[in-house]
Amino acid sequence: MQITSKKLAYPLGLVLLILLPFVVEDFRVSQFSQVLIYAIAILGLNILTGFGGQISLGHGAFYAVGAYTSAILITQFDMSPYLTLPIAGLVCLVMGVLMGFPALRLAGHYLALATFALAIATPQLLKHKAIEKWTGGVQGLILDKPQSPFKLSLFGTELSEDRWLYLVILLIAILLFWLARNLLNGRIGRAIVAVRDQPVAAAALGVNLTVLKTATFGVSAAYTGIAGALSALAVSFVAPDSFPSFLSISLLVGTVVGGLGSIYGAIFGALFIQFVPNIADQLSKSAPWAVYGAILLAFAYAAPNGVMGIFKKITKRR
Amino acid sequence: MTLRLKSLSSIALTAALTLAGSLTAAQPYDPGATDKEIKIGNIEPYSGPASAYASYGKAQAAWFNKINDEGGINGRKINFISLDDGYSPPKTLEQARKLVEQDKVLFLFATLGTPTNSAIQKYMNQKKVPQLFVQTGASKWGDPKNFPWTMGWQTNYFSEGKVFAQAILDNQPNAKIAVIYQNDDFGKDYLAGLEAGLGDKKNMIIARETYEVTDPTVDSQMVKLKSTGADVLMNLSTPKFAAQIIKKVAELGWKPVHYLCQVSSSPGATLVPAGLDNSVGIITTGFFKDPSDPQWKDDKAMLEYQAWFKKYLPNADPLDTYYLQGMLNAQTLEHVLRQAGNNLTRENIMKQAASIKDLQLPLLLPGINVQTGPDDFYPIERLQLAKFNGKEWVLYGKIYGN
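In the order they appear, the protein sequences are chains F and P.
With the first letter of the first sequence counted as 1, position 93 gets the number 93 in the working numbering; the numbers rise by one all the way through.
With the first letter of the second sequence counted as 1, position 106 gets the number 106 in the working numbering; the numbers rise by one all the way through.
Don't take every hint at face value.
Listed next, with one range per pair, are the computed distances between beta-carbon atoms [as the list claims (entries may be wrong)]:
| no. | chain 1 | residue 1 | chain 2 | residue 2 | range |
| --- | --- | --- | --- | --- | --- |
| 1 | F | Ala302 | P | Ala301 | 49 to 55 Å |
| 2 | F | His128 | P | Leu276 | 35 to 41 Å |
| 3 | F | Glu158 | P | Thr217 | 54 to 60 Å |
| 4 | F | Arg105 | P | Asn125 | 47 to 53 Å |
| 5 | F | Arg105 | P | Asn65 | 55 to 61 Å |
| 6 | P | Thr217 | F | Phe150 | 54 to 60 Å |
| 7 | F | Glu158 | P | Gly199 | 39 to 45 Å |
| 8 | P | Gln166 | F | Gln124 | 30 to 36 Å |
| 9 | F | Lys133 | P | Asn389 | 54 to 60 Å |
| 10 | F | Lys133 | P | Gly281 | 36 to 42 Å |
| 11 | F | His109 | P | Ala301 | 30 to 36 Å |
| 12 | P | Gly268 | F | Val94 | 46 to 52 Å |
| 13 | F | Ser148 | P | Gln166 | 42 to 48 Å |
| 14 | F | Arg187 | P | Asp215 | 32 to 38 Å |
If you're looking for bench data, these hints aren't it; they were derived computationally from the structure.
Bear in mind the structure is a predicted one, so any value in this text is a computation, not a measurement.
Note that the Cβ used here is the ideal one computed from N, Cα and C, for glycine as well.
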């Protein structure tokens, strides 16, 4: 019984996710696109922090580099927006691996600080005059939204550019979640967790710590970079101010709220960082962050292991 | 049969025409306007590092509250929906879309910030929804050819740079000018204005130095500038650096005629940290009556402003000039809406905004006005010079700008 309901849940959820944009207005579709984008970024961070046990306060930097890679290739080199996505992922993979080397020597708080430095430096480096002719300096770059290649109408709703982009992002999200699940539930996933929990024992068992740790960092950065590239398409604008250091903290908040070390928790984390600031704004104009903080505290108290932690508790009780 | 079809179609045509006629005879409204209210959208950084700027939006909300208490504009209440973007451009776009597509506002008014407005400019112009009187000093908002739905409000950096150039040509015609500017849009806009204003006398500028917002100090640049023998210093920096520059100039014993851009003219943010004694003689520009300036203490408009402030913004700092500027902008919009009358289409709002003739607002300095035209999307362009006497800014000289 348990198995059949689980088997049904995936295709059913998928159909709902595909139909979702056709029953809500364009503006809502764009918000859900952003949720999917955050979910990919948070999944990337969760691979590193939740599974790998390495804290990063700098993933906003990879998000920014991914976004800029895509934006520069589209505006300066006339590249197809879809083609820029894997390139953005690749650039961030390399950047992540490079960042992984100091991470080998820095543990815990020191790694958090080093990555935070990256988050603070990136928006300022993006303004630097040496690269201004590509990045557009503080002005940033303005892009065109990709158009749907065909016309389609469902329930009397046109396939608008927002809906098309949502479906593209959904497809990429499904692909990346599927890849992550296979990676983390397999041999490599076990090795990553082993290195987190018992590094000495893992090394004794033949796990190459250097390779594994840097590769984890790289994959994590690549996920977040692809998310950043998708955000450039969705927002159609990149500027240094789009990627403040607070973005990195938001991603970490999303990871913890969704549930450290859980794959699908990323979706709940993404819903949180997308919608809770809006709720906070509606509750108070004078101190929206105080409201955000209060909600976050309540969450941490009620669900110390994130949303997925609650789900696990419920299913265990049965 | 054919005859019948013909007559049928002619009946249908007449019916359609009458229907269309009756539709246009009704009030011409776009989304957001009804007989009872005008819905206006606004986006401010209520949270985040730029939250000090949210004073603009709070003042505007307070001004519309006053208008509503007095019965509204042409019988319509203002419904001012102001949302938070935390000064993050992607969030600005999301909020703009919410206001336009979900809340269905008639237009956006005084959305704050340069990067944030850049993120929504294309969207607003595609949707043909006015992005009116944006609260930023960049010069890119007055481009009606490419962006007919976007308009600036305050004096922009470029115009102010031109005013400095005119002032120098008037008062120090043989000056050797040294310029220090922030290496970004803000500084470059100012410098471009200064150079444009000097025209063929551009070579009066004998030295240019820049700094990055990340620089710890600007000491070495100042030493270099002093060594050039310049006798006029053009200080185009943000408050923290402006204070450092003023201090360093005093330390070096350099005594140039010191022009300081308006952005950094706040006594509290710049001159006090720099040392009030060091700041004596510095020249800046202004366009509104500053509540901290004693010369307006018995001014009728100022007294009315303070009464309004006490009633509608009881917990705010009355000396914070962001409130005053925000209110001035709201008054400009009030004028546009009164002019628009019952024709509340987006097109007419834009048309009225682009045909403001010599509008005098009581808290603008005497001689400074709001003026626009189909090709002039820069509402406030006039400025007056002011010199610091060790305690406050003293206005002097003629009104500059067109």
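Against the structure, the hints come out as follows:
{"no.": "1", "hint": "Ala302(F) with Ala301(P): 49 to 55 Å", "in the structure": "54 Å, holds"}
{"no.": "2", "hint": "His128(F) with Leu276(P): 35 to 41 Å", "in the structure": "36 Å, holds"}
{"no.": "3", "hint": "Glu158(F) with Thr217(P): 54 to 60 Å", "in the structure": "57 Å, holds"}
{"no.": "4", "hint": "Arg105(F) with Asn125(P): 47 to 53 Å", "in the structure": "51 Å, holds"}
{"no.": "5", "hint": "Arg105(F) with Asn65(P): 55 to 61 Å", "in the structure": "59 Å, holds"}
{"no.": "6", "hint": "Thr217(P) with Phe150(F): 54 to 60 Å", "in the structure": "59 Å, holds"}
{"no.": "7", "hint": "Glu158(F) with Gly199(P): 39 to 45 Å", "in the structure": "54 Å, violated"}
{"no.": "8", "hint": "Gln166(P) with Gln124(F): 30 to 36 Å", "in the structure": "35 Å, holds"}
{"no.": "9", "hint": "Lys133(F) with Asn389(P): 54 to 60 Å", "in the structure": "45 Å, violated"}
{"no.": "10", "hint": "Lys133(F) with Gly281(P): 36 to 42 Å", "in the structure": "41 Å, holds"}
{"no.": "11", "hint": "His109(F) with Ala301(P): 30 to 36 Å", "in the structure": "57 Å, violated"}
{"no.": "12", "hint": "Gly268(P) with Val94(F): 46 to 52 Å", "in the structure": "47 Å, holds"}
{"no.": "13", "hint": "Ser148(F) with Gln166(P): 42 to 48 Å", "in the structure": "53 Å, violated"}
{"no.": "14", "hint": "Arg187(F) with Asp215(P): 32 to 38 Å", "in the structure": "50 Å, violated"}
This entry does not satisfy hints 7, 9, 11, 13, 14, going by the numbered hints stated previously.
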